[in-house]
Structure formats: C-alpha cells, structure tokens
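Note that the protein sequences, when read in sequence, are chains A and B.
In terms of this note's numbering, the first sequence has 142 at position 142, counting the first letter as 1, and numbering is strictly consecutive.
In terms of this note's numbering, the second sequence has 6 at position 6, counting the first letter as 1, and numbering is strictly consecutive.
No lab work stands behind these hints: they were computed from the structure.
Take the hints with a grain of salt, since some may be wrong.
Pairs involving identical chains hold if they fit within one copy or between any two copies, as the list cannot separate such chains.
Capping the alpha-carbon separation at 35 angstroms, the derived lysine-lysine pairs in DSBU-like fashion look like this [as the list claims (entries may be wrong)]:
(1) Lys-108 to Lys-2
(2) Lys-21 to Lys-2
(3) Lys-102 to Lys-60
(4) Lys-121 to Lys-2
(5) Lys-136 to Lys-93
(6) Lys-121 to Lys-52
(7) Lys-2 to Lys-107
(8) Lys-183 to Lys-159
(9) Lys-183 to Lys-21
(10) Lys-2 to Lys-136
(11) Lys-21 to Lys-129
(12) Lys-108 to Lys-134
(13) Lys-129 to Lys-159
(14) Lys-68 to Lys-183
(15) Lys-21 to Lys-60
Protein chains: 2
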Amino acid sequence: MKSEIRIIGIDDAPFTFNDDKTDIIGVVMRGNNYIEGVLHDIIQIDGLDATKKCEKMITKTRHYTQLKAVLFDGSTQGGFNIIDTELLWKKTKIPNITVTRKHPDFKKIQRALQTHFSDWKQRLSLLEKGRLYKMKTAYNPIFIKCEGISFSQSKEIIKLATIRGVIPEPLRIAHIIASGISKGESYGKA
Amino acid sequence: MKSEIRIIGIDDAPFTFNDDKTDIIGVVMRGNNYIEGVLHDIIQIDGLDATKKCEKMITKTRHYTQLKAVLFDGSTQGGFNIIDTELLWKKTKIPNITVTRKHPDFKKIQRALQTHFSDWKQRLSLLEKGRLYKMKTAYNPIFIKCEGISFSQSKEIIKLATIRGVIPEPLRIAHIIASGISKGESYGKA
C-alpha cells in the first residue's frame, strides 16, 4: 500500500449535560504527516443524525474521490448518536475503520441505552453489528471494526497512519481540534 | 538548532461583513510534523484585543515554557486588529516571527486605516514598527519581522517548520483549522 494515501479521521467534541449539540471534526491527511483539509459540522447529542452528517462530510469534501478510508474513534459520536458504519460504506463507497482502545462492554451499554432511549434496541443492534477484531500494537491492543475493507488491510492503514502510540494521526488530530475549539485548549487522548 | 523544537502558529478565521467577532486558532507543533495541541479564542473584528488574546493563548497553554517561537501570518488578525509584536515579546518572553507572502503596501494600508479608524495613526505605527526582512525560498520570497530573535535564527526556524511551499506547518495548519471550523471545509493558503 502506498504510504501517501488519503485518509479522513472523524471525531466529536466533548460536551456538557447542558448542551444539545456538539461539533464533529474531520481531518483529511496524506499518510501520517500532511494535513490536507479540516471539515466541520454539528450533530445532535444522543441524536440520530451522525451517519447522515458523516456521509455528507465525506461525500461533499473536494478530497472525496481520493479518500481510501474513513477512521472513527468508536462508532458513537455526541453521546449515543451511533454511526451505522455498514450504511455509511454503502452510501459513500469509502471503506471505514472504527478503532477503540477498549473492548466495548455491551451489557453496560445496554443498561445505559435502556434507561434513556425508547429505541434502545435499534441503537444497540447498530453497536453490536459487525465483527470486532483485536489488533496487537507495541503498546496495548486496540479493537477494530471494518466495513468495505479487510482486517488485514485495515491494520496496514492504521500502521501507516500512526506516528506515536496507538491512535492514527487523522483521529488523534481530529480529537485535538475538536477539544481545542470547544474547551479553548485541547486535552486528553483520542 | 534541534529539529524537534516546539513552535506555535496563530491565525484567524475568515469572516464576513456581518460578523463582529472571529475565531483565532493556535497550533502547537514539535518540529514540522507532530501536533501537540490546538488552542482557540475569539477576537473582535477591527478591535484592539488581538495582542492581549495572543498573550493569553501563549502564556496559558501547558506548552508555554517549552515554546521556542510564535509564528504569525501577518501582524493583523480579524481585519485591522493589529498585534503589537514588540509588546507581545516583552510580555511573553517567547520570540515571535511574522511571515507574509507580500511586501505590505503601507500607502494603501494608510488609506484604508484613515477611512475607517480615528486611531489610524496608532494602528499604522504598529504595522510600520520593526524591520522587514526578505527571505529567499525555493519559490517566491517571503517577508519576515522578528522580535526577540535574530533574522538568521528566524530563517532557521521557518525552514525546519516547513514541509511544502513557503508557509511553516503550524501556520498552514492553523489556517486550515480556522477556515474549516468557520466555513465547514478549509480552503485557500495561509
């Protein structure tokens, strides 16, 4: 795989219980070291618009036809606004890879969803959909879901997009920007 | 000079005639390829608060003591909200370097300032203060002002912070973020 492939990483901004909306930031990079563009949109916290907004972000950017993969830090944005990664792949035709540091605790998630959402079954089924792979790294393992791309190719993309630690640069930087614009200074890890 | 020095680039977001405020974005980088943090504040368009807001951004970040230089894309932010780079150096003790692609046309600037500002003399004198150096690059020359640092050291910092073209990465990325968050998609050159 060429090291200069274009990848977009999408992450949401931190929010408080008083907010009903939050920012999502997309970072388009060539390989792991050259930022080509930054995209911005707004989603409802705990809403149902994350898939649509991500689809728009991906297909409307001028980099669309050159994108080789979309990276997400978990498939929930803005609380439990869950990305339907299978639908997103069908709509955009750009493979997507979801990275998480921890294996999701589906029992805990189910309890949280049941408490707050009448449509908890649909939300949970979106989260449970697709196979979760474990990827070894030099640090802790990370967990991967992939749509429109194999696990082996996903690993290759993650490796070439990562400089330090385990989080690929487009995701790490999307997180830094999203937290920086909402809090004044970026903090924490993607 | 070490290639891994920390530099902050500060740029403002584009705005329209209906806006009275705009975003400024600071990007802290190690060398030319690793983003360590993103900072955000808001300034008045054509106001007088840019110097103070930049001082706050620089001195309040957790990277403050490690910063070796501040980079600006021209010394005006948010219209004619002019940065007093000499005062900023005195207050922060971090050297600053102002980069522009074109030699400023002071006669044209004076006419614009006289039309809109009763304090045009003060604003113009801030802009005219300090020596403007011409730096050769592989492309077009750029123009540099520096406070608290020599021209020769400033050139070294600019060279090590630049990947492609003539604009150092912290400034190029600050511009991409600022235009991305205000317009939905980043565009144009810093």
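| task | Check Lys-183 against Lys-21 for me: Cα-Cα at most 35 angstroms, and say if that holds within a copy, between copies, both or neither. | result | Close inside one copy (15 angstroms) and across copies (18 angstroms); limit 35 angstroms.
| Copy assignment of Lys-21 with Lys-129, given that the CA separation must stay at most 35 angstroms | within (26 angstroms within a copy, 44 angstroms between copies)
| said: At most 35 angstroms between alpha carbons: which applies to Lys-136 and Lys-93, within, between, both or neither? | reply: within (27 angstroms within a copy, 45 angstroms between copies)
| request: First find the shortest C-alpha distance between Lys-129 and Lys-159 inside one copy, then the shortest across copies, and answer within, between, both or neither for a cut-off of 35 angstroms. | output: For Lys-129 and Lys-159, the Cα distance is within 35 angstroms only inside one copy (24 angstroms; across copies 49 angstroms).
| At most 35 angstroms between C-alpha atoms: does Lys-2 with Lys-107 qualify within a copy, between copies, both, or neither? | Neither: 40 angstroms inside a copy, 50 angstroms across copies.
| task | Measure nothing new, just compare the shortest in-copy and cross-copy C-alpha distances for Lys-121 and Lys-2 to 35 angstroms and report within, between, both or neither. | result | neither (41 angstroms within a copy, 55 angstroms between copies)
| Given identical chains, is Lys-21 near Lys-2, meaning Cα to Cα at most 35 angstroms, within a copy, between copies, both, or neither? | Close neither inside one copy (38 angstroms) nor across copies (43 angstroms); limit 35 angstroms.
| query | For Lys-121 vs Lys-52, is the C-alpha pair at or below 35 angstroms within one copy, between two copies, both, or neither? | reply | Classified as within; 20 angstroms inside a copy, 52 angstroms across copies.
| said: My question is about Lys-68 and Lys-183: at a cut-off of 35 angstroms on alpha-carbon distance, are they close within one copy, between copies, both, or neither? | reply: Both, since 31 angstroms and 24 angstroms are each at most 35 angstroms.
| message | Regarding Lys-21 and Lys-60, is the shortest C-alpha distance of 35 angstroms or less found within a copy, between copies, in both, or in neither? | response | Both. Shortest intra-copy (21 angstroms) and inter-copy (27 angstroms) distances satisfy the 35 angstroms Cα cut-off.
| said: At most 35 angstroms between alpha carbons: which applies to Lys-102 and Lys-60, within, between, both or neither? | reply: Answer is both: 32 angstroms inside a copy and 33 angstroms across each meet the 35 angstroms cutoff.
| request: Can you give me the call for Lys-108 and Lys-134, within, between, both or neither, at a CA distance of at most 35 angstroms? | output: Close inside one copy (20 angstroms), not across copies (62 angstroms); limit 35 angstroms.
Comparing the model with each numbered hint stated earlier shows that hints 1, 2, 4 and 7 do not hold.
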